[in-house]
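Please put together the full structure from these sequences, using the hints given.
Heads up: take any position in the sequence shown, counting from 1, add 135, and you land on my numbering.
Bear in mind the hints are in silico, worked out from the structure with no lab data behind them. Remember, it's a predicted structure, so these values are computed and weren't measured experimentally. Be aware that a few hints might be false.
Said to hold, decoys possible - Below are the DSS-like pairs computed for lysine-lysine, each with C-alpha atoms no more than 30 Å apart in a straight line:
{"hint": "1", "residue 1": "K507", "residue 2": "K480"}
{"hint": "2", "residue 1": "K490", "residue 2": "K480"}
{"hint": "3", "residue 1": "K507", "residue 2": "K466"}
{"hint": "4", "residue 1": "K198", "residue 2": "K466"}
{"hint": "5", "residue 1": "K198", "residue 2": "K490"}
{"hint": "6", "residue 1": "K466", "residue 2": "K480"}
{"hint": "7", "residue 1": "K479", "residue 2": "K457"}
{"hint": "8", "residue 1": "K226", "residue 2": "K198"}
{"hint": "9", "residue 1": "K480", "residue 2": "K198"}
{"hint": "10", "residue 1": "K479", "residue 2": "K507"}
{"hint": "11", "residue 1": "K490", "residue 2": "K507"}
{"hint": "12", "residue 1": "K479", "residue 2": "K490"}
{"hint": "13", "residue 1": "K466", "residue 2": "K479"}
{"hint": "14", "residue 1": "K466", "residue 2": "K490"}
{"hint": "15", "residue 1": "K480", "residue 2": "K457"}
{"hint": "16", "residue 1": "K457", "residue 2": "K490"}
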Amino acid sequence: MTVPEGMAPAPADIRPQLLSVAPMMDWTDLYYRQLARLISRHTWLYTEMVVDSTILHTPFLDKFLWFPPEQRPIVCQLGGSNPEQLARAAKIVEGYGYDEINLNCGCPSDRVAGAGCFGAALMLQPELVAACCQAMCQAVSTPVTVKCRLGVDDFDTYPELARFIRVVSEGSCVRHFIIHARKCLLKGLNPHQNRTIPPLRYEWVWALKRDFPHLDFSLNGGVLTLEEVAAALRTVNGDAGEAAAAGSDLSAGGGGGRQGVMGVMVGRAAYNMPWEALGNADVAVFGAAENAAISRRQVLADYAAWADTMIGRWRVAEDGYKSPNVRTLVKPLLGMFHGEPRGKKWRAAVDTALKTATSVSQVLEMTLPVLKPETLDAPPRALGSLPERLQHYTPELPPTPEHVLREGGAGSSAQASGSSGTSLGSRKRPAEGEAAVEEAAAEEAPAAAAEAEPAPAAAGA
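Structure (structure tokens):
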């Protein structure tokens with residue numbers, strides 16, 4: 136096992152993480168990410184989750200971690216719950232030149248949650264998450280982030296979520312949390328149901344920004360269009376008037392005292408309809424002068440030229456089987472004409488062509504004539520009207536938990552400043568969950584007071 140001699144060079148213009156594509160097992164592989172990068176130059180890309188033990192023991196490290204430098208900015212998501220193993224894995228990941236390393240605390244899949252206690256199950260152990268993150272922080276200079284849910288099973292109140300954020304951020308260098316804004320049930324729901332049945336509660340993410348203004352938060356879950364992305368980035372303090380006043384300065388969502396999200400993470404929409412979800416992102420979200428691609432014809436030609444060089448990169452068997460093969464490399468393209476005239480007919484033609492084609496270029500030569508030229512050559516769709524208020528967003532935010540106020544956090548200063556309206560503490564404190572969190576916080580306080588010397592600052596804080 137060897138680490139590459141040089142890190143992938145940074146692009147000349149890495150912009151803030153306003154928009155990202157979620158890590159999705161079996162979907163956001165090397166090949167999909169290359170397609171996404173050809174469509175959008177600035178959208179941040181995430182790998183599939185890679186388990187720490189895989190990185191430490193596989194003889195085929197490049198197959199899991201290598202990427203061409205043009206895929207930056209890119210984040211590697213790790214799975215694991217052993218601080219020492221995660222630190223060693225993070226060191227290897229850093230050698231490949233990733234821009235961030237993300238710890239998976241949100242995946243409900245039984246392939247994750249039931250193996251070694253990681254994924255969403257980790258939210259039940261915030262101290263362990265803090266230890267894992269701090270071990271990685273001490274091993275690498277690459278920023279470490281966390282992706283999590285609102286809660287797990289019966290641990291699903293806002294005070295419990297706030298305690299998770301507080302414990303992890305105070306115990307490590309983590310300053311950016313990506314929040315899938317729904318809880319998950321580790322038993323009783325399958326992964327698909329966990330993405331659709333538990334209700335979305337966007338307002339909890341804005342409440343986190345209110346209570347922890349020194350941290351950054353990205354919203355994930357249920358966002359399907361660039362219009363919804365732009366609306367989320369413009370939503371400030373849960374107030375529609377302030378959202379409208381934010382104008383087009385999307386990059387200011389989490390700064391300047393404004394209580395907005397730093398970014399939005401899009402999941403399956405970016406895979407199932409990549410051109411629709413990402414085609415206008417550079418201009419509409421990142422404020423670039425132009426988008427990366429002028430048409431789908433251009434994207435497909437550029438992708439085919441790259442993909443053909445990848446055929447058999449990892450393995451060519453004695454019987455001629457190649458990894459990756461043409462079918463694997465064509466798979467990310469199948470959503471490029473989602474909802475377009477003759478799109479279904481084109482996908483059927485691709486399936487037929489894959490039986491004989493020996494390259495991606497050949498598949499496209501055999502099938503693109505099925506589509507209308509105006510479909511192939513159309514530019515990205517311009518940004519439409521933004522929704523006045525986000526779906527799944529209730530303007531009445533949950534109140535700041537007592538344990539956050541007691542720690543002198545942002546909620547304390549926000550309450551003291553007299554901020555009013557539905558965004559601050561107008562509801563009665565929920566009985567459910569608060570007592571347990573208060574008891575845990577009370578147990579922490581005497582131990583902290585007993586320390587003769589203040590604890591050293593977390594690395595990278």
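Hints not upheld, ascending by number = Checked against the structure, the only hint that fails is number 9, while the rest are satisfied.
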